[in-house]
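Peer 1: In case you want the letters, here they are:
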Amino acid sequence: MLGMMIAFAMILSYLETLIPPFVAIPGVKLGLANAATLLALYTLGAPSAVCVSLLRIGLSSLLFGNAVGFIYSISGGALSLCVAVLLKKSGMFSPVGISAAGGVAHNVGQVLAVMAVMGNAGLISYLPPLLISGVVFGVAVGVLSGILISRVSKIIEKKDNNK
Amino acid sequence: MNGKSKRLLRDLCLIFALLAVGLSVFAFSRLLSSPGERVVIYRDGKPVAELSLSEDCSYTLPGGKNTVVIEDGRVRMEHADCPDGLCVRMGNIRNKGEKIVCLPNGVIIEVTGGTEEEILPTG
Chain A
270 MLGMMIAFAM ILSYLETLIP PFVAIPGVKL GLANAATLLA LYTLGAPSAV
320 CVSLLRIGLS SLLFGNAVGF IYSISGGALS LCVAVLLKKS GMFSPVGISA
370 AGGVAHNVGQ VLAVMAVMGN AGLISYLPPL LISGVVFGVA VGVLSGILIS
420 RVSKIIEKKD NNK
Chain B
4 MNGKSKRLLR DLCLIFALLA VGLSVFAFSR LLSSPGERVV IYRDGKPVAE
54 LSLSEDCSYT LPGGKNTVVI EDGRVRMEHA DCPDGLCVRM GNIRNKGEKI
104 VCLPNGVIIE VTGGTEEEIL PTG
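Just so you know, the sequences run in chain order A and B.
If you're matching positions, the first sequence starts at 270 in the working numbering and goes up one per residue.
If you're matching positions, the second sequence starts at 4 in the working numbering and goes up one per residue.
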């Protein structure tokens, strides 16, 4: 099951490389692969989700990205994971909201990482458009995740009932 | 289900709050922006060149991977060999605090006021 999740995450990640950059601002992206992370979070639990996320980021950077990009991705991914896990634990939000918050957290993490690596604090000016894109695309991916979660949960339930 | 709709409502509040923060910071920085005077080019965190916005020129970074052009009081990344080309697509900038970043090559073009008078980063 975990293996399937990771494969799913990789496919989503690959699909995203096929989409040409939407706007000329670095860091604005769909975040499709997070659908797999959220799916894992809801159906398998937090430790599995962490696994899926970290492995996906690592493998994607190897296959599709570069070394520096890895640092940025992992910073964003780590912060995004923390936020998502905490918000889910609180039980106060649905996948859509968690995805939006996760998207924002991911971009914040990435901007902070870029600022640290480039040593330029003024780069924080890139944050406002990334906050907005984080929310917008986070919501979109969240809706997708919600659908996936409910469908997959039902399949898992049926399997358990048939045992 | 009652629990679900409560969560969706909180989602909306969260989303709204995040959007509000992003949009207001964005608008705020836009309002405060003003034309700059000098251009500083950084590579890997260190300044490698400082040029004047008022003098048209073309500057290629050592290594030949990025070319910066200043024309008509605006600056842009004329050419870059990075895979995404976002820095070139960004076009021209001219206000204090605005930046063009070429992440893969670690290059930043920043417009400054010449003296340290920026209050907030803009862009």
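Think of the hints as simulated: they come from the structure by calculation, not from any bench.
Hints may contain errors.
Derived DSSO-like pairs: lysine-lysine, alpha-carbon spacing no greater than 27 Å straight-line [to be verified]:
| hint | chain 1 | residue 1 | chain 2 | residue 2 |
| --- | --- | --- | --- | --- |
| 1 | A | K428 | B | K7 |
| 2 | B | K49 | A | K358 |
| 3 | A | K427 | B | K49 |
| 4 | B | K49 | B | K68 |
Here are a few chain A residues that sit away from chain B, every Cβ distance over 10 Å (derived from the structure) [stated by the list, open to error]:
| hint | residue |
| --- | --- |
| 5 | E285 |
| 6 | L299 |
| 7 | G314 |
| 8 | P316 |
| 9 | V319 |
| 10 | L328 |
| 11 | L348 |
| 12 | C351 |
| 13 | V354 |
| 14 | L355 |
| 15 | K358 |
| 16 | L392 |
| 17 | I416 |
| 18 | V421 |
| 19 | K423 |
| 20 | E426 |
Partner residues aside, some chain B positions facing chain A, computed with beta carbon under 10 Å [said to hold, decoys possible]:
| hint | residue |
| --- | --- |
| 21 | L15 |
| 22 | G25 |
| 23 | S32 |
| 24 | L34 |
| 25 | D84 |
| 26 | D87 |
| 27 | G88 |
| 28 | V104 |
| 29 | L106 |
| 30 | P107 |
| 31 | E113 |
The model shown is predicted, which means the values in this text are computed figures rather than measured ones.
A virtual CB, placed ideally from N, CA and C, is assigned to each residue, including glycine.
Peer 1: Now, for every hint given, state plainly whether the structure supports it.
Peer 2: Now for the hints, and whether the structure bears them out:
1. A:K428 with B:K7: holds, 25 Å
2. B:K49 with A:K358: violated, 43 Å
3. A:K427 with B:K49: It is violated: about 59 Å lies between the C-alpha atoms, which goes past 27 Å.
4. B:K49 with B:K68: holds, 16 Å
5. E285: Non-interface label stands for A:E285: nearest chain B Cβ at 13 Å, farther than 10 Å.
6. L299: holds, 15 Å
7. G314: holds, 19 Å
8. P316: holds, 23 Å
9. V319: Per Cβ check, A:V319 is outside 10 Å of chain B; nearest 22 Å; holds.
10. L328: holds, 18 Å
11. L348: holds, 14 Å
12. C351: holds, 16 Å
13. V354: holds, 16 Å
14. L355: holds, 13 Å
15. K358: holds, 13 Å
16. L392: violated, 7 Å
17. I416: Since the minimum Cβ distance to chain B is about 14 Å, A:I416 lies beyond 10 Å and the statement holds.
18. V421: The assertion about A:V421 holds, with a minimum of 17 Å to chain B.
19. K423: holds, 15 Å
20. E426: holds, 17 Å
21. L15: holds, 8 Å
22. G25: holds, 3 Å
23. S32: holds, 6 Å
24. L34: violated, 12 Å
25. D84: violated, 13 Å
26. D87: holds, 6 Å
27. G88: Constraint on B:G88 satisfied, holds at 8 Å.
28. V104: holds, 6 Å
29. L106: holds, 5 Å
30. P107: holds, 7 Å
31. E113: holds, 7 Å
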